[in-house]
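Participant: Dock chains P and B against the given chain V, drawing on the hints supplied.
Keeping their order, the protein sequence lines are chains V, P and B. Residue numbers for the first sequence follow the numbering used here, so the first one is 1 and each next one is one higher. Residue numbers for the second sequence follow the numbering used here, so the first one is 1001 and each next one is one higher. Residue numbers for the third sequence follow the numbering used here, so the first one is 2001 and each next one is one higher.
Source of the hints: derived by calculation from the structure; they are not laboratory data. Nothing here was measured: the structure is a model prediction, and the numbers come from that model. Just so you know, not all the hints are guaranteed correct.
Said to hold, decoys possible - Cross-link-like lysine-lysine pairs, in silico, DSBU-like; alpha carbons within 35 angstroms at most:
#: 1; chain 1: P; residue 1: Lys1337; chain 2: V; residue 2: Lys333
#: 2; chain 1: V; residue 1: Lys257; chain 2: V; residue 2: Lys272
#: 3; chain 1: B; residue 1: Lys2296; chain 2: P; residue 2: Lys1337
#: 4; chain 1: V; residue 1: Lys272; chain 2: B; residue 2: Lys2296
#: 5; chain 1: P; residue 1: Lys1296; chain 2: V; residue 2: Lys333
#: 6; chain 1: V; residue 1: Lys257; chain 2: P; residue 2: Lys1272
#: 7; chain 1: B; residue 1: Lys2339; chain 2: P; residue 2: Lys1332
#: 8; chain 1: V; residue 1: Lys272; chain 2: B; residue 2: Lys2332
#: 9; chain 1: B; residue 1: Lys2296; chain 2: B; residue 2: Lys2257
What the hints assert, rightly or not - Every beta carbon over 12 angstroms from chain B, so not counted as near; a handful from chain V, in silico:
#: 10; residue: Tyr7
#: 11; residue: Phe13
#: 12; residue: Thr14
#: 13; residue: Glu17
#: 14; residue: Gln23
#: 15; residue: His30
#: 16; residue: Ser43
#: 17; residue: Glu64
#: 18; residue: Glu75
#: 19; residue: Glu163
#: 20; residue: Lys239
#: 21; residue: Gly292
#: 22; residue: Asn294
#: 23; residue: Asp309
#: 24; residue: Thr312
Ideal Cβ placement from N, Cα and C applies to all residues, glycine included.
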Amino acid sequence: MADPRFYHNSGPFTLGELAKICQGIITNEHDCDKVIHDVAALSVATSDQISFLNNIRYLQSFSESQAGACVVHPEQAPSAPPTMALILTPTPYRAYGLIAAAFYPETILTPSIHPSAIISSSATIGEHCFIGPGCVIEEHVKIGMHSSIAAGTIIKTAVEIGEHCHIKENCVISHSIIGNNVTILPGAKIGQAGFGFFMDNQGYVNIPQLGRVIINDNVEIGSNTTIDRGAAGDTIIGKGTQIDNLVQIAHNVHIGKGCIIVAQVGIAGSTKIGDHTILAGQVGIAGHLSIGNNVKIAAQSGVMRNVEDNETVSGSPAVPSGQWHRQNIILKKLVTKNKE
Amino acid sequence: MADPRFYHNSGPFTLGELAKICQGIITNEHDCDKVIHDVAALSVATSDQISFLNNIRYLQSFSESQAGACVVHPEQAPSAPPTMALILTPTPYRAYGLIAAAFYPETILTPSIHPSAIISSSATIGEHCFIGPGCVIEEHVKIGMHSSIAAGTIIKTAVEIGEHCHIKENCVISHSIIGNNVTILPGAKIGQAGFGFFMDNQGYVNIPQLGRVIINDNVEIGSNTTIDRGAAGDTIIGKGTQIDNLVQIAHNVHIGKGCIIVAQVGIAGSTKIGDHTILAGQVGIAGHLSIGNNVKIAAQSGVMRNVEDNETVSGSPAVPSGQWHRQNIILKKLVTKNKE
Amino acid sequence: MADPRFYHNSGPFTLGELAKICQGIITNEHDCDKVIHDVAALSVATSDQISFLNNIRYLQSFSESQAGACVVHPEQAPSAPPTMALILTPTPYRAYGLIAAAFYPETILTPSIHPSAIISSSATIGEHCFIGPGCVIEEHVKIGMHSSIAAGTIIKTAVEIGEHCHIKENCVISHSIIGNNVTILPGAKIGQAGFGFFMDNQGYVNIPQLGRVIINDNVEIGSNTTIDRGAAGDTIIGKGTQIDNLVQIAHNVHIGKGCIIVAQVGIAGSTKIGDHTILAGQVGIAGHLSIGNNVKIAAQSGVMRNVEDNETVSGSPAVPSGQWHRQNIILKKLVTKNKE
Chain V
1 MADPRFYHNS GPFTLGELAK ICQGIITNEH DCDKVIHDVA ALSVATSDQI
51 SFLNNIRYLQ SFSESQAGAC VVHPEQAPSA PPTMALILTP TPYRAYGLIA
101 AAFYPETILT PSIHPSAIIS SSATIGEHCF IGPGCVIEEH VKIGMHSSIA
151 AGTIIKTAVE IGEHCHIKEN CVISHSIIGN NVTILPGAKI GQAGFGFFMD
201 NQGYVNIPQL GRVIINDNVE IGSNTTIDRG AAGDTIIGKG TQIDNLVQIA
251 HNVHIGKGCI IVAQVGIAGS TKIGDHTILA GQVGIAGHLS IGNNVKIAAQ
301 SGVMRNVEDN ETVSGSPAVP SGQWHRQNII LKKLVTKNKE
Chain P
1001 MADPRFYHNS GPFTLGELAK ICQGIITNEH DCDKVIHDVA ALSVATSDQI
1051 SFLNNIRYLQ SFSESQAGAC VVHPEQAPSA PPTMALILTP TPYRAYGLIA
1101 AAFYPETILT PSIHPSAIIS SSATIGEHCF IGPGCVIEEH VKIGMHSSIA
1151 AGTIIKTAVE IGEHCHIKEN CVISHSIIGN NVTILPGAKI GQAGFGFFMD
1201 NQGYVNIPQL GRVIINDNVE IGSNTTIDRG AAGDTIIGKG TQIDNLVQIA
1251 HNVHIGKGCI IVAQVGIAGS TKIGDHTILA GQVGIAGHLS IGNNVKIAAQ
1301 SGVMRNVEDN ETVSGSPAVP SGQWHRQNII LKKLVTKNKE
Chain B
2001 MADPRFYHNS GPFTLGELAK ICQGIITNEH DCDKVIHDVA ALSVATSDQI
2051 SFLNNIRYLQ SFSESQAGAC VVHPEQAPSA PPTMALILTP TPYRAYGLIA
2101 AAFYPETILT PSIHPSAIIS SSATIGEHCF IGPGCVIEEH VKIGMHSSIA
2151 AGTIIKTAVE IGEHCHIKEN CVISHSIIGN NVTILPGAKI GQAGFGFFMD
2201 NQGYVNIPQL GRVIINDNVE IGSNTTIDRG AAGDTIIGKG TQIDNLVQIA
2251 HNVHIGKGCI IVAQVGIAGS TKIGDHTILA GQVGIAGHLS IGNNVKIAAQ
2301 SGVMRNVEDN ETVSGSPAVP SGQWHRQNII LKKLVTKNKE
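So that you can see chain V by itself, here it is in the shape it has in the complex (with noise of 0.2 angstroms):
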C-alpha cells in the first residue's frame, strides 16, 4: 500500500509474528503461519494483506474487506468475511500502530553533520546525532545522543535538547529545555517572547520575558505551532502530551501529562491544564484559568472559567456538554415553532 519511493517495506511477517508484535489473540490457529506482505486500509486491502477495524462507521467497508487479516474488536468480529483471519484486542488501532510499526519502522538518519550547518564551537552535540543542510546551532546548546536536527531549523543560545529528539524543518527554538524523545515538526516555533506589554493612552512599555519553555518527554509538537516562553516563570509542557499543528500556547501556560491538543487550539497566557485533558479543534481558553484533570473539551468550545475534574464541557462560552446539546435542541424547537 505504501508507495515504495517514500517508505521502505520491512515484511513480510507471518500472522503468528504479527499478533505477538501486537499482543492479540488469531482466532484460528491454521492462520499463524499466514504471511503478510502490507497493511493497508479495509477497502483497498488484498489477501496478503492486514487491515484494522477502529470505528464502528466503517462495519460495512469491514464485511465487505478483501483483506487477508485484519485487526478487530471481540464485538465485531462477527461480522468479518468468511475468508478473513482475524487477531482480536480490546485496542484494534493501537494493535494497528504496533504491526505499521513492524512494516515500517522509523528511518534512522544516517548520523552526520551537513558542511553547511552553522554550528558554534561552544555547543555540545552528542553521538550519532544528524545535523541537516543550513541548520544554525548557536552558543553553549546541548543537543543529546540519536537526536536529529533536520535542514533550516535554528536553535538558539543555551537551548538544552535530549536524546533521540527529531526536531524537523524550518523551526526556531530558543529559551528552551527539551528532554528525551520529543518530536517537533517542521515550522513550530519555541521560545519567543510571549505577547507581554503594557498599554495605555501615553502608548506602550514592554515587559520583559525572562523564562522558558520546558518540554518533558515523550512530547510531540505540530508543524507551524508556536509556543512563547514564560514571562516570570515557565511555560511547561508535560510528558508525553500530543500537540497538533498551528496551535497557540501563550506564556506561562503549563500543560499536564498525556494530554492531546487538536490543530488551531489557543491557550491564554497563565492558564494551567491537568493530566490526560482533551482539547479538541480550535478550542480556544481564556487566560489565568486552571483546567483539571480528565477534561474533554468539545470542538471550537470557549472556555472561560475554570473546569473541574472530568468534566466535559462545550460551546462558546463553554458549558458543560449536556447543557450544550438541550441548548441546541431548544433553540431548534423554538425556531420551528416560530414558523408555525
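Facilitator: For chains P and B alone, coordinates are given in the frame of chain V:
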C-alpha cells in the same frame, strides 16, 4: 497606482485593447482609442486609469470616481459619472483580473540554480527552473519545467512537482505528488506526519503515517498553511482548489475540484469534501464526515454532521443557514422581552 | 529568577533606584537603600527580590509572598505582608515592565554580517546592523541603522525596513515598507499575495495583487502570523499596534494606532479598524467592514457588521456584550425549565 519599486507596468493599452482582453463591451465606441496607463481603485483612480465596480457597497465610490474608465455590470452602468468610459461585462471582477494581469504580468524568474542550493545528484530538475538560495532538494525529487523553488524551501525525498509550479520561500514539502501550475505561498508545510497515535492510561503508541499528499493542477495554497499526509491512503486536494493562509488539513482529507477554503479553516482527519464547495474563514469540520458539492459553509461554523449537496450551513454546531438566522432573531427577542 | 543561561542580570539596584525607574512612590523611606537583586513572581520571590501585583486573582499570593519588595496599586497595599517594602503606582504592570527591563535590558547583537548571508549588491544596509546566517537580502532592499535580520530570514526585492527594527528568524517579507522600532517574531510571513481570484463554473481567474504592506513605527508582529499585501492599495498596520501569533490579516485591511490583536485572530479583506481597538483571541471579522476606535471584541467573536466607536461586542454573530450575556443566561434558564 502600483508602486514601481515592486511592480513593472507593461502598459499603456487602449480601451479597445482592454475590452478585447477582458471580453467586455465598450458602451461608447468613441472611447476605443482612449489610452489607459494603469489600473487603480475607484477612490484613487485618475483620468488615464481604469477601475472596476464589483461590490454594491462601493456604488457611491463609483459615482464619485475620477477614473477615466471602469469595468462594470450593465445594471450599475447608469450610476457612472458622465465622463467615465465604460466596459460592460456580467463579471467585472473577472474582467478586472484579466486587465490587471495585462498591465502587470507575473514576473518570470530568470532560470537559474543558486550556488548555495543543496541538490541531490539523483534529483531531476526540468528546464527553465529557478532554484533559490539555500534550497534543499533531496534524493529522487522530480521538478517539472518552468517551475520555481524560492529561497529556503526544502523539498524532501522523492517528492514530485509538475510544470509551471511556484513554491515560495521557507516551505517544507515531503511525501507529496504535485501537479502542474500549483502555487504554494511562503511557509506552507505539506506532507508531514498527521496527528496519529493511540493513547490510554498506559501511555501512547504512535500510528505510522504511511500515505501521501496529492495536489492536483492549478491549486493554490496559502502562507503557513499545513497539510498532513495520509495515514493509510492519501490526502487529496482537487484541481483548481484555492486554499488561503493558516489552514489546517488533516490526514486522509479529500477535497474536490474548485473549492474555496478561506483562512484559518481546520478540517479534521478523513473528511471528504465535494466539488465547488466554499468554506469561509475559521470554519471547523469534524473528522470522518462527508460534505457535498456546491456546499456553502459560513465563517466560524462548526460542522459536526454530513452536509448534502447545495446546502448552506452556519453556526456552531452548524445548522441550515435559515435556521441559524432565525435562532439569532429569537434569542434577541427573548433578551428584549426579558428586559421589559 | 531568570535562568542565567538565557538572561544576563544587570542588577542589583536599590529600591530607591527602582522607584525612580518606574516613577513609583516608596511607602517607607527607610526602604530606599534596600538592595534588590532580581525580579520574580509573587509565589517564588525571595527577600532580595521585587515582585508585582497586577491582577486581583493573585491577591492571596501577594499576602503570602516572601518577596522583599513589590510594586502595587495603593488600594491593594493594605494586604501586603508586614515585612514587604512597597512601591506604589497606579499601573503596577507598567512599573514592573520598566523595572524588569532595568534588570534585563534587551541584548544588543554585535553588529555583523554573517558570511553565509546572501546580500544583493544593490541593497543598502545601515550602520550597526546584524544580518544573520543564511539570510537572503534581495535587490534594492533598504535597512536602517541598528536593525537586525536574524538567521534564515528572507527580505525580498525593494522592501524598506527602518531603524532599530528586529526581524527574527525564518521570516519572509516582500512588497513592504516598514517603519522604525518594529519587531517581527520568527516565522511571520508578510507581503505575499492575498487570496484573490474570480471563480465560476468555467474555472478561475487570478486577480493580480498589486499593493503593499505598510507597517508603521513601534509595531510588533507575532510568530507565524501572516499579513497579505494589498490587492489595489495597501494593507496598513498603524503605529504601536501589537499583533500576536498565528494572526491572519488579509489584503487591504487597515488597522489603526495602538490596537491589540490577540493570537489566531482573522481579519478578512478590506476591513478597516480604528485606533486603540482590542481584538481578543480567535476573533474573526468579515470583509469590507468598518470597526471603530476603542472597540473591544471578546474572544472567539464573529463580527459580521460594522461596529461603532467604543462598542464592546461578543459572540458569533457578535452582538453587544450585554445582550450576549443575557442570551446565555436565558438559554441556561430554558434548559433548566425544560428539565423540570
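Participant: All hints, please: hold or fail.
Facilitator: To see whether the hints hold, each was checked on the structure:
no. : hint                  : verdict
1   : Lys1337/P - Lys333/V  : holds (18 angstroms)
2   : Lys257/V - Lys272/V   : holds (12 angstroms)
3   : Lys2296/B - Lys1337/P : holds (26 angstroms)
4   : Lys272/V - Lys2296/B  : holds (25 angstroms)
5   : Lys1296/P - Lys333/V  : holds (24 angstroms)
6   : Lys257/V - Lys1272/P  : holds (33 angstroms)
7   : Lys2339/B - Lys1332/P : holds (23 angstroms)
8   : Lys272/V - Lys2332/B  : holds (27 angstroms)
9   : Lys2296/B - Lys2257/B : holds (14 angstroms)
10  : Tyr7                  : holds (29 angstroms)
11  : Phe13                 : holds (42 angstroms)
12  : Thr14                 : holds (47 angstroms)
13  : Glu17                 : holds (44 angstroms)
14  : Gln23                 : holds (41 angstroms)
15  : His30                 : holds (55 angstroms)
16  : Ser43                 : holds (31 angstroms)
17  : Glu64                 : holds (36 angstroms)
18  : Glu75                 : holds (33 angstroms)
19  : Glu163                : holds (19 angstroms)
20  : Lys239                : holds (21 angstroms)
21  : Gly292                : holds (17 angstroms)
22  : Asn294                : holds (24 angstroms)
23  : Asp309                : holds (20 angstroms)
24  : Thr312                : holds (16 angstroms)
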